[in-house]
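Participant: As given, the protein sequences belong to chains F and W, one line each in that order.
Start counting the first sequence at 2; every next residue gets the next number (our numbering).
Start counting the second sequence at 2; every next residue gets the next number (our numbering).
Read the hints as simulated data drawn from the structure, not as lab findings.
Heads up, a few of these hints could be off.
Where chains are identical, the list cannot tell them apart; a pair therefore holds if satisfied intra-copy or between any two copies.
What the hints assert, rightly or not - The calculated lysine-lysine pairs, modelled on BS3-like cross-linking and capped at a C-alpha distance of 30 Å, are:
1. Lys241 with Lys28
2. Lys237 with Lys178
3. Lys28 with Lys230
4. Lys201 with Lys60
5. Lys130 with Lys150
6. Lys61 with Lys201
7. Lys299 with Lys226
8. Lys61 with Lys51
9. Lys209 with Lys226
10. Lys91 with Lys282
11. Lys130 with Lys91
12. Lys230 with Lys33
13. Lys219 with Lys27
14. Lys178 with Lys230
15. Lys130 with Lys178
16. Lys282 with Lys241
17. Lys91 with Lys277
18. Lys277 with Lys3
19. Lys150 with Lys277
20. Lys230 with Lys277
Number of protein chains: 2
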Amino acid sequence: MKYVGIDIGGMSVKCGVVEDGVILVKKSAPIKAQADERVILQSISALVDKVLAAGNFEKKDIAGIGIGCPGSIDDEAGEVRYCCNINFTKTPIVEIMRELTGVKNVRVSNDANCAALGETLYGAGKGAKNSVMITLGTGVGTGIVVEGKLLTGNRSAGSEGGHIQINMGGATCGCGKRGHYEAYASATALMNQVAAACEKHPESMLAKHAAEHGIDGKTVFTCAKMGDKVAVSTLKRYIKYVGEGLVTFANIFYPEVIIVGGGVSNAGDALILPLKEYVAKNVYGAEYNPTIEVVAAKLKNDAGIIGAAALCIE
Amino acid sequence: MKYVGIDIGGMSVKCGVVEDGVILVKKSAPIKAQADERVILQSISALVDKVLAAGNFEKKDIAGIGIGCPGSIDDEAGEVRYCCNINFTKTPIVEIMRELTGVKNVRVSNDANCAALGETLYGAGKGAKNSVMITLGTGVGTGIVVEGKLLTGNRSAGSEGGHIQINMGGATCGCGKRGHYEAYASATALMNQVAAACEKHPESMLAKHAAEHGIDGKTVFTCAKMGDKVAVSTLKRYIKYVGEGLVTFANIFYPEVIIVGGGVSNAGDALILPLKEYVAKNVYGAEYNPTIEVVAAKLKNDAGIIGAAALCIE
Chain F
2 MKYVGIDIGG MSVKCGVVED GVILVKKSAP IKAQADERVI LQSISALVDK VLAAGNFEKK
62 DIAGIGIGCP GSIDDEAGEV RYCCNINFTK TPIVEIMREL TGVKNVRVSN DANCAALGET
122 LYGAGKGAKN SVMITLGTGV GTGIVVEGKL LTGNRSAGSE GGHIQINMGG ATCGCGKRGH
182 YEAYASATAL MNQVAAACEK HPESMLAKHA AEHGIDGKTV FTCAKMGDKV AVSTLKRYIK
242 YVGEGLVTFA NIFYPEVIIV GGGVSNAGDA LILPLKEYVA KNVYGAEYNP TIEVVAAKLK
302 NDAGIIGAAA LCIE
Chain W
2 MKYVGIDIGG MSVKCGVVED GVILVKKSAP IKAQADERVI LQSISALVDK VLAAGNFEKK
62 DIAGIGIGCP GSIDDEAGEV RYCCNINFTK TPIVEIMREL TGVKNVRVSN DANCAALGET
122 LYGAGKGAKN SVMITLGTGV GTGIVVEGKL LTGNRSAGSE GGHIQINMGG ATCGCGKRGH
182 YEAYASATAL MNQVAAACEK HPESMLAKHA AEHGIDGKTV FTCAKMGDKV AVSTLKRYIK
242 YVGEGLVTFA NIFYPEVIIV GGGVSNAGDA LILPLKEYVA KNVYGAEYNP TIEVVAAKLK
302 NDAGIIGAAA LCIE
């Protein structure tokens, strides 16, 4: 069966036709995030038409359309409750997309949930019954699979793992509260930590590299690899921050696998191996329990499309 | 159908015959926690016989025996992996109890899990599909129900919610790590916080009350009720500690109800109402999502027996 998966982001929308976890054809388009909700969804519907045309498919070939969207989604009601980056508030996205596309089987879930579902079913978590996926991007998203099912909570309001408390009274989170995981572990937080280290150690290679090339999610990994002490210690502290959250999830869920995604995960082993070690060393009862795998996301930017499509599979 | 529920604790074992969540007859006995595992289980088997006799039941009336035990349990394997307070290490508790009692349908799970299952099915969470129960005792235990099923994680190693990180580098937990929830929210932690407040404010009513009566889980509630400022501020801080953990669970699970059990929960509304307010104020997306109920456990000391018996129900 072929499904359309739509991955809505703050900057662009990606759309693909998916069969058995494989994308047959895909396309993306910019999003007018602040336009009227109907205008946004009309352009997404037009993108669906384009991607179908590109693959020589017709609407009748499609068994359903799954949508991953940032923000708080009520999966059951098919509604985007609110979304920081896109002009959706109490938007009945499933109803509108049904109307615009003529496809009846339309589902929606949070974008991080979709990525986790895709990665667990078809990517880095293939074969696991329990997994926690954590996406280190602008914020921190989590997608959790328990006994093969996406954990969503009452009215799909759960799985907001970026907003767990890890350091009472600490750094301010995007949500306004203090000490949340996202304020320590997101790509944004990492870049802030690097900027602070550069200011404190202007003589470091890290500071010089940053002055020349700017700071992004890779900066600290590049300089740590070159042996810069300030970069090494900044990275070590960041690993501890990310690791403490993973240990919290491990102690609650004890999944077979923790999947790390988002831009920062492109650092690969330099991030993943120390995280795996951190979890193994700090999870409760480690000496009696199976080792938890920590792996980088495999499907990368495709996870959202593939997972969104998987929402439609009964 | 009648089941036997056994609730093993560090000091005593409680055992009851349960039907539809109601205890028909129960008994308890002290436990020789450091005796040989077989000796401990023989005395528990003898207790089962006593409770059956007390209710004029025979073994054939019993559809199964469920056991709640502290420590790390492998539910599927029927094994107690390790237990801080009782001499069980890699103890095949289900196999031994089958042999000793002659009953085939024997199940085991963590004691906090059992209490949560009992409270969710028959007590304070009746009717909820998703619940988080937190037990504030010597340590902090959690029992989590997702879509009506106990969350246990791979090899039942999960649901160790006392060991989530809430304050990096902070107070030392019983497990040796720093900053864990248990180190802030357990009855033990509360008593330490009260002792520290008494030392800092020897002139306070709290200090005088403590000097006269000693410190237990009720001390701070008694003095706060009488208006002592030191007690009020100590309690307020404790509520914040407990609340931060509840918010973390709420952000992950967004359950319909959070159930607070354990000795400290006997304080009733003086604990529960401010906790409910704290969760409502701090949970992510509160303005768009249903209010999470926070309630005291109802079944109290019976939850363990009732929940253990419920393990046997398919």
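Participant: Decide, hint by hint, whether the structure agrees.
Facilitator: Hints, verified against the model:
1. Proximity of Lys241 and Lys28 under a CA criterion of 30 Å is satisfied in neither setting, with 38 Å inside one chain copy and 48 Å between copies.
2. Proximity of Lys237 to Lys178 under the C-alpha cut-off of 30 Å is found in both arrangements, the shortest distances being 25 Å within a copy and 18 Å between copies.
3. In the homo-oligomer, the alpha carbons of Lys28 and Lys230 never lie at most 30 Å apart, since the shortest distance is 43 Å inside one protomer and 64 Å across protomers.
4. With identical chains, the CA atoms of Lys201 and Lys60 are never at most 30 Å apart, being 58 Å at best within one copy and 73 Å at best between copies.
5. In this assembly of identical chains, the alpha carbons of Lys130 and Lys150 lie at most 30 Å apart whether taken from the same copy (8 Å) or from different copies (15 Å).
6. Taking the shortest Cα distances, Lys61 and Lys201 never come within 30 Å of each other, neither inside one copy (61 Å) nor across copies (75 Å).
7. In the homo-oligomer, the alpha carbons of Lys299 and Lys226 lie at most 30 Å apart inside one protomer (23 Å), although the nearest pairing across protomers, at 57 Å, exceeds that limit.
8. Proximity of Lys61 to Lys51 under the C-alpha cut-off of 30 Å is restricted to the intra-copy arrangement: shortest distance 15 Å within a copy versus 68 Å between copies.
9. With identical chains, the CA atoms of Lys209 and Lys226 are at most 30 Å apart within one copy only, with a shortest distance of 15 Å there and 59 Å across copies.
10. Within a single copy, Lys91 and Lys282 get their C-alpha atoms only as close as 43 Å, which misses the 30 Å cut-off; across copies the closest is 21 Å, which meets it.
11. Taking the shortest alpha-carbon separations for Lys130 and Lys91, only the inter-copy value of 24 Å comes in at or below 30 Å, while the best intra-copy value is 33 Å.
12. Proximity of Lys230 to Lys33 under the C-alpha cut-off of 30 Å is found in neither arrangement, the shortest distances being 43 Å within a copy and 55 Å between copies.
13. Proximity of Lys219 to Lys27 under the C-alpha cut-off of 30 Å is restricted to the intra-copy arrangement: shortest distance 27 Å within a copy versus 62 Å between copies.
14. In the homo-oligomer, the alpha carbons of Lys178 and Lys230 lie at most 30 Å apart only across protomers (27 Å), although the nearest pairing inside one protomer, at 32 Å, exceeds that limit.
15. Proximity of Lys130 and Lys178 under a CA criterion of 30 Å is satisfied inter-copy only: 29 Å between copies versus 33 Å inside one chain copy.
16. With identical chains, the CA atoms of Lys282 and Lys241 are at most 30 Å apart both within one copy (12 Å) and between copies (29 Å).
17. When the C-alpha separation of Lys91 and Lys277 is checked against a cutoff of 30 Å, the pair qualifies only between copies, where the shortest distance is 26 Å, while the shortest distance within a copy is 39 Å.
18. For the homomeric pair Lys277 and Lys3, neither the shortest alpha-carbon distance inside one copy (36 Å) nor that between copies (46 Å) is at most 30 Å.
19. Both within a single protomer and between protomers do Lys150 and Lys277 lie at most 30 Å apart by alpha-carbon distance, with minima of 24 Å and 29 Å respectively.
20. When the C-alpha separation of Lys230 and Lys277 is checked against a cutoff of 30 Å, the pair qualifies only within one copy, where the shortest distance is 22 Å, while the shortest distance between copies is 46 Å.
Hint check: violations occur at hints 1, 3, 4, 6, 12 and 18; the rest are consistent with the structure.
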